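With chain C held as given, fit chain F onto it using these hints.
For the record, the sequence lines run as chains C and F. Start counting at 1 in the first sequence, then tack on 110, and there's your number in our numbering. Start counting at 1 in the second sequence, then tack on 384, and there's your number in our numbering.
It is worth saying that the hints were derived from the structure and are not from the lab. The structure presented is a predicted model; accordingly, all values stated were derived computationally and were not measured. The beta carbon of each residue, even a glycine, is placed where N, CA and C say it ideally should be. Honestly, I wouldn't trust all of these hints.
Claimed, not checked - Reference listing, derived: stretches of chain C covered by chain F, where coverage requires no fewer than 3 residues with Cβ under 8 Å from a Cβ of chain F:
1. 140–151
2. 155–164
3. 209–220
Claimed, not checked - Lysine-lysine pairs mimicking DSS-like chemistry, simulated, CA-CA at most 30 Å apart:
4. F:K486 - C:K124
5. F:K439 - F:K452
6. C:K119 - F:K489
7. C:K119 - F:K421
8. F:K486 - C:K119
Read off the chains here:
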Amino acid sequence: NAGVTQTPKFQVLKTGQSMTLQCAQDMNHEYMSWYRQDPGMGLRLIHYSVGAGITDQGEVPNGYNVSRSTTEDFPLRLLSAAPSQTSVYFCASSPRPEVSEQFFGPGTRLTVL
Amino acid sequence: QQPVQSPQAVILREGEDAVINCSSSKALYSVHWYRQKHGEAPVFLMILLKGGEQKGHEKISASFNEKKQQSSLYLTASQLSYSGTYFCGTAGAGSYQLTFGKGTKLSVIP
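For reference, chain C alone in the conformation it holds in the complex (with noise of 0.2 Å):
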């Protein structure tokens, strides 16, 4: 089993770019989701998915779109970069996030100039 992978693993981008970062799990996990990491500031919440088809807003939902057509593949869709989408980007996946072991991929470093 790889578990969580992403790609890619850095990407710098320009003040209104947009690009994709991809997120795949081969656990059979219903449950996704997709966090940043700013320093000081923890793991945020930015989206997450509870199956194929069904996707909601965490905290940080803004700037963001995501999309879940298979079980396996939950996209990050930045429309319009900015500076202050500059982080580091973690996917992780869960049989059932409340009561379950996350498993995270590697993170995305993401800088936008």
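Positioned in the frame of chain C, the structure of chain F alone reads:
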């Protein structure tokens, strides 16, 4: 609302003990603990559920005070490998959202 962790940072010598606290203003169903080393993803340590059930590593201990909505992580006889940032995450009943605190940075020195 993020749970509040204390202390923000702590330095220990090998063999010393430490306690990390996590407090929430909301009614909790579960408390989760993760450790993250620099440049890596968070790694699961333990879950504490309302009602007393615990899941996690045998060498880690923690408590969950349901009345006070507080949890504590106990690190005993610390080793160099315990260094990292510890995060607590909290979830309400029926919630799909796990909300993390800002973290406690633990440094263990020889």
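### Task
Find the hints from earlier in the document that the structure breaks and name them by number, from lowest to highest.
Hints that this structure does not satisfy do not exist here, as all of them hold.
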